[in-house]
Amino acid sequence: MRLKALILATTACALIGGTAVAKDMTIVSWGGAYSASQNNAYHKPYMAANPDINIINDESSNEAVAKLRAMNEAGNITWDLVDVVAADAIRLCDEGLAMEINHDEALAPAPDGTPASEDFGPMIVSDCYIPQIVYSTTFGYRTDVAEWNGKEPQDICAVFDLENFPGKRSLEKRPINNVEWALLCDGVPKDEIYDVLATDEGVDRALAKLDTIKDQVIWWSAGAETPQLLADKEVVIGSTYNGRLFSLIEEQDQPVKMLWDAQVFDLDGWIVPAGLPEDRLAMVMDYLKFATDTQRLADQAKYISYGPARQSSAPLVGKHAELGIDMAPHMPTDPANAQNTFLYNYEWWADHRDDLDAKFQAWLTR
Amino acid sequence: MTDLTAEAPVLTTRDGKPLKASLARALRREKLRSLMLIAPLLVFIVVTFLAPIADMLFRSIDNRIVAETLPKTVVALAQWDETSGNLPDETVFQALHDDLLIAVEEKTHTRLGSRLNYEASGMSSLFRTTGRRVKRMEDGSYAEQFINADKDWGDVKTWQILKRFSPPYTAGYFLNAVDAQVTPDGIEMKPENQRLYLLLFARTMMLSLIITFSCLLFGYPIAYLLATLPLRYSNLLMILVLLPFWTSLLVRTSAWKVLLQQQGVINDALVWAGLVSNTDRLVLINNQTGTIIAMTHILMPFMILPLYSVMKTISPSYVRAAKSLGATDWTAFWRVYFPQTVPGIGAGAILVFILSIGYYITPELVGGTEGIFISNRIAYHISSSLNWGLAAALGVILLAMVLLLFYVYDRIVGIDNVKLG
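Chains as they are written, first to last, in this note's numbering: chain A, 1 to 366; chain B, 1 to 421.
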């Protein structure tokens, strides 16, 4: 009899409990250390403040663009918030798959009252985009290469200098960034690069420069590859995202250094899928307001070395949560690192990506 | 009964119906019943497999987006002579203005821009910037206002592209998929430095054949051992064959990376043994060699298992009989044993070949630039560039190639000769 009562009671509890935690919110991100940093900085405090909401992490940002289109065509949006890079956000916005956001209305102002659109400033590259962090694609090199006779790369053109810096390199298997660096080291002034690239001769010139190192390059498609190749001594210098190099150098203690020269800034941030039902949209917008405020963005930098996208967050960046080291000098936006940076031209790439990619792939397979 | 048949010229059943019709009905009912038994599976396959494939393949010619987004402009443009070298007249610009107003409202103009950007760079931003301006345009002299908004509207080429891609169906994706393009002078091949897909198709075929052949070469002796060794050894061997088969594909591919890379296990061992010098270690990965090695290993079970199941049924007494009649070992194998294994080879080869022709994860990870397949480009267009039309066209061509090969294979080997077990 007592057992029966117990079973009934637990069932009842489970049922009531089940209805109480009914609100799930699916947030899509990149997985790994990046999702962990978002989990610590955004999700945990938000769920603590809103016990009725349960955040589900989906690690599908890699194929988010294709999946969002498929969901849109099927008329069944199962995601509530998606983390994508800026170029994908522009594409999703163009395709009508992401919702346009009124930044000042939807997001919290800075502590001093500056509206969000000014606080983010030029980081808002698309009407649908809410930037979170600034990351950069830059180079890391091994410090123990015997053939270099004690020399260390000082600037980006060391990548193209096989005489002084022999050995294999790793570059991303796509034209973006590589063609800009190639032209830069072929003597094109920084502010003319996109004008040169817009011509057929300019593309040929960039590819000709890349041709000089082509047989020494291992091409990567996932951000984790270069750190692995560097650690395995497969390559002596390679490009990847700065956060990956940070964990290779600081957390795994490998003899690798960063070459910040001509690092290319890029953004990562949120988009809200178009066509969410009213109640889910309200839930997402509430979360967004919380997760992109000044303090939260600064908090994320405790767990990963990416710079917060708000100007007002920069002074609040503190120490790494576990290593206890100061994070500011590891930010791509730190003045010492950002002496020579390269700005990724989103508008230009949105137009020329298809064309240049076809040419680049044809060149790769030749 | 005998009376009945004697009286009636037509055989009937007891209820008086002709026997023939009754039989036909019984058979039909039986067919219907069996059809109903498989109906759930059939419906499932049609709904979840065939229909999506057909839908995807249809995208390779679908171009309705242009006429749907700019209906009036398309009609107005039909009057314009694209070879004249002059811009279209004011009515076309006005039609464009009317269409864009609605498109901007529905946010479909940027989608059209992305579509046309596959054909000519710059269309994407053209539609994006024009979309921002179109609401603020005033009545009259639209041509001037559009050219002010973006000077590309004053370029005849923009209008030529728009006109060329205004019909609801296009061969553009297919032409693109075979490295061709439409120019004002007709269809011609793309410039040398932009050709990609024909090379990739040829390479996919070539590498798949090499992989199939090397699977056969290495799989045949293993299958033979499996079929002939005493049970306790062959069981162990079978586990060794199946264990990698059950392991995750990514794990196996990553393992090959560790083994094959220049600072990897194989190169280290060779250097240690003094077979290669430390300075010129072998390049075994990030090229075609890497793809062939890794995929041969990954697809090997698909060759071994059909071979094994066929070899298991071959009685050893045939070879013994051949030998007792004076055949040498080789003759006994080649003339007596081998022909009996051909159905297994056929099944294994076709399995391995068809699987490898559509593979993309392994080539992506170990193939570098020379060892990638056409499926890697299809995956890119599906997931990154969102050019699903081109991906579908490439897919149709790949499917057609496989079917053609299947047909040739049927002609030469005969599909009835294939035995899976």
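What the hints contain is simulated information worked out from the structure, not anything from laboratory work. Only a predicted model underlies this, so the values are computations on that prediction, with no experimental measurement involved. Worth double-checking, as some hints may not be accurate.
List of simulated lysine to aspartate or glutamate pairs, EDC-like, C-alpha gap at most 20 Å [stated by the list, open to error]:
1. K257/B to D232/A
2. K107/B to D195/A
3. K157/B to D355/A
4. K214/A to E370/B
5. K151/B to D232/A
6. K72/B to E106/B
7. K214/A to E192/B
8. K157/B to D215/A
9. K190/B to D24/A
10. K257/B to D52/A
11. K257/B to D204/A
12. K44/A to D24/A
13. K214/A to E250/A
14. K135/B to D152/B
15. K214/A to D55/B
16. K107/B to E73/A
17. K168/A to D152/B
18. K190/B to D200/A
19. K135/B to E100/A
20. K168/A to E192/B
21. K209/A to D232/A
22. K135/B to D127/A
Now the stretches of chain A that chain B is said to cover, found in silico as 3 or more residues with beta-carbon under 8 Å [claimed, not checked]:
23. 116–129
24. 228–236
Ideal Cβ positions, reconstructed from N, Cα and C, are used throughout, including at glycine.
So, going through the hints one by one against the coordinates:
1. K257/B to D232/A: Holds, at about 11 Å.
2. K107/B to D195/A: Roughly 30 Å separates the two Cα atoms, so the pair is violated.
3. K157/B to D355/A: holds (16 Å)
4. K214/A to E370/B: holds (12 Å)
5. K151/B to D232/A: It is violated: about 52 Å lies between the C-alpha atoms, which goes past 20 Å.
6. K72/B to E106/B: holds (16 Å)
7. K214/A to E192/B: holds (19 Å)
8. K157/B to D215/A: violated (39 Å)
9. K190/B to D24/A: violated (51 Å)
10. K257/B to D52/A: Cα-Cα ~46 Å, so violated.
11. K257/B to D204/A: violated (33 Å)
12. K44/A to D24/A: Holds - the C-alpha atoms of D24/A and K44/A are around 14 Å apart, at most 20 Å.
13. K214/A to E250/A: violated (31 Å)
14. K135/B to D152/B: Roughly 19 Å between the alpha carbons, so the hint for K135/B and D152/B holds.
15. K214/A to D55/B: violated (40 Å)
16. K107/B to E73/A: OK: K107/B and E73/A at ~15 Å, within 20 Å.
17. K168/A to D152/B: With Cα atoms ~43 Å apart, K168/A and D152/B exceed 20 Å; violated.
18. K190/B to D200/A: holds (14 Å)
19. K135/B to E100/A: It holds: about 17 Å lies between the C-alpha atoms, which stays within 20 Å.
20. K168/A to E192/B: Roughly 28 Å between the alpha carbons, so the hint for K168/A and E192/B is violated.
21. K209/A to D232/A: With Cα atoms ~27 Å apart, K209/A and D232/A exceed 20 Å; violated.
22. K135/B to D127/A: With a Cα-Cα distance of about 17 Å, the restraint between K135/B and D127/A holds, given a limit of 20 Å.
23. 116–129: violated (count 0)
24. 228–236: Answer holds; 3 residues pass the 8 Å Cβ test.
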